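Participant: The lines below spell out each chain.
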Amino acid sequence: AQSVSQHNHHVILSEAASLELGCNYSYGGTVNLFWYVQYPGQHLQLLLKYFSGDPLVKGIKGFEAEFIKSKFSFNLRKPSVQWSDTAEYFCAVNAAGNNRLAFGKGNQVVVIP
Amino acid sequence: NAGVTQTPKFRILKIGQSMTLQCAQDMNHNYMYWYRQDPGMGLKLIYYSVGAGITDKGEVPNGYNVSRSTTEDFPLRLELAAPSQTSVYFCASSIRDGTDTQYFGPGTRLTVL
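Protein chains in written order, with our numbering: chain C, 1 to 113; chain Z, 1001 to 1113.
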């Protein structure tokens, strides 16, 4: 079964700082990769996803993530955060051919104005 | 479209009581999922369904039951509630399998005392 690791559960940043959240997974086969976000008081929603092709994926609100197969990683980045990026961010992995998503523990990100 | 709806939003149960968490989606999605989210632990899959009449266990199914008599509804039943079932429960749906974007409901916060 696949597992997903996210480190630095709590991240506090000032506005305009750069953000990088790490995501590593343990599965040797083909994977589909996701980042979901939960803004305060809102539903979990998709931020971006990778299935194949260009390993650099762009999502909503200026976020991007890079799939590095050799490192089993799918790190999320944003060059300059805003107060509205305060949220919890979850990395999720689907092993190809499997109906399930495995989620990481999440990163609670707080952006200080 | 209302998307994925869940009721109730909050509930307090006594040990040994039973209840059903309701989930409905109006997007004609075949796949539906139940997750629980414990603080700092990410989302764990309880049960999922690939269509009406078909359900399967996820990672943490013990103490729960599900049914899927229609495409729209996917209720989660807790029998003999225990304090370990205190959690936030999320229902989600997707058109296809684990490769597809999942759409989440607002969650039900359950406390068992």
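Treat the hints with care, since some could be wrong.
The calculated lysine-lysine pairs, modelled on BS3-like cross-linking and capped at a C-alpha distance of 27 Å, are [what the hints assert, rightly or not]:
(1) C:K71 - Z:K1044
(2) Z:K1014 - C:K69
(3) Z:K1044 - C:K49
(4) C:K69 - Z:K1009
(5) C:K58 - Z:K1009
One side only, chain C facing chain Z, incomplete, derived with CB under 8 Å [to be verified]:
(6) H9
(7) N32
(8) Y39
(9) H43
(10) L44
(11) K49
(12) F51
(13) P55
(14) L56
(15) N94
(16) N98
(17) R100
(18) L101
(19) F103
(20) G104
(21) K105
It is worth saying that the hints were derived from the structure and are not from the lab. It should be emphasised that the depicted structure is a prediction, and the values quoted were computed from it without experimental measurement. Beta carbons are placed, not taken as given, at the ideal position from N, Cα and C, and that holds for glycine.
Participant: Each hint: holds or not?
Facilitator: Hints, one by one, checked against the model:
For the hint pairing K71 (chain C) with K1044 (chain Z), the CA-to-CA distance comes to about 24 Å; that is within 27 Å, so the pair holds. The suggested pairing of K1014 (chain Z) with K69 (chain C) is violated, with an alpha-carbon distance near 47 Å, which exceeds 27 Å. Straight-line distance between C-alpha atoms of K1044 (chain Z) and K49 (chain C) comes to about 20 Å, which keeps the hinted pair within the 27 Å bound. Distance hint between K69 (chain C) and K1009 (chain Z) is unfulfilled; the C-alpha atoms sit about 40 Å from each other, more than 27 Å.
Restraint check: the Cα-Cα separation between K58 (chain C) and K1009 (chain Z) comes to about 33 Å, which exceeds 27 Å; the hinted pair is violated. Proximity of H9 (chain C) to chain Z holds as hinted, the smallest CB-CB distance being about 6 Å (cut-off 8 Å). Annotation: interface hint on N32 (chain C) holds; nearest CB of chain Z at approximately 5 Å, less than 8 Å. Look at Y39 (chain C): its Cβ only gets to about 12 Å from chain Z, farther than 8 Å, so that hint breaks.
A cut of 8 Å between beta carbons decides the hint on H43 (chain C): the least distance to chain Z is about 5 Å, and the hint holds. Below 8 Å, beta-carbon pairs count as interface contacts, and L44 (chain C) has one with chain Z at about 4 Å; its hint therefore holds. Hint status for K49 (chain C): holds, given a least beta-carbon distance of 7 Å to chain Z, under 8 Å. A least Cβ separation of about 7 Å between F51 (chain C) and chain Z falls short of the 8 Å threshold, and the interface hint therefore holds.
For the restraint placing P55 (chain C) at the interface with chain Z, the shortest Cβ-Cβ distance is roughly 17 Å, beyond the 8 Å limit, so the hint is violated. Taking 8 Å as the C-beta contact cut-off toward chain Z, the hint placing L56 (chain C) at the interface is violated, the least distance being around 19 Å. Evaluation of the N94 (chain C) hint against chain Z yields a held restraint, the C-beta minimum of about 4 Å falling below 8 Å. The beta carbon of N98 (chain C) is positioned within 8 Å of a beta carbon in chain Z (closest approach about 5 Å), and the interface hint is therefore held.
Because the closest C-beta pair between R100 (chain C) and chain Z is about 5 Å apart, less than 8 Å, the hint holds. Proximity of L101 (chain C) to chain Z holds as hinted, the smallest CB-CB distance being about 5 Å (cut-off 8 Å). Contact between F103 (chain C) and chain Z, as hinted, is supported at the beta carbon level, the nearest pair being about 4 Å apart and thus within 8 Å. About 5 Å separates the beta-carbon of G104 (chain C) from the nearest beta-carbon of chain Z, less than 8 Å, and the hint is met.
Interface restraint check for K105 (chain C): the shortest CB-CB distance to chain Z comes to about 4 Å, inside 8 Å, so the restraint holds.
When held up to the earlier numbered hints, the structure conflicts with 2, 4, 5, 8, 13, 14 and fits the remainder.
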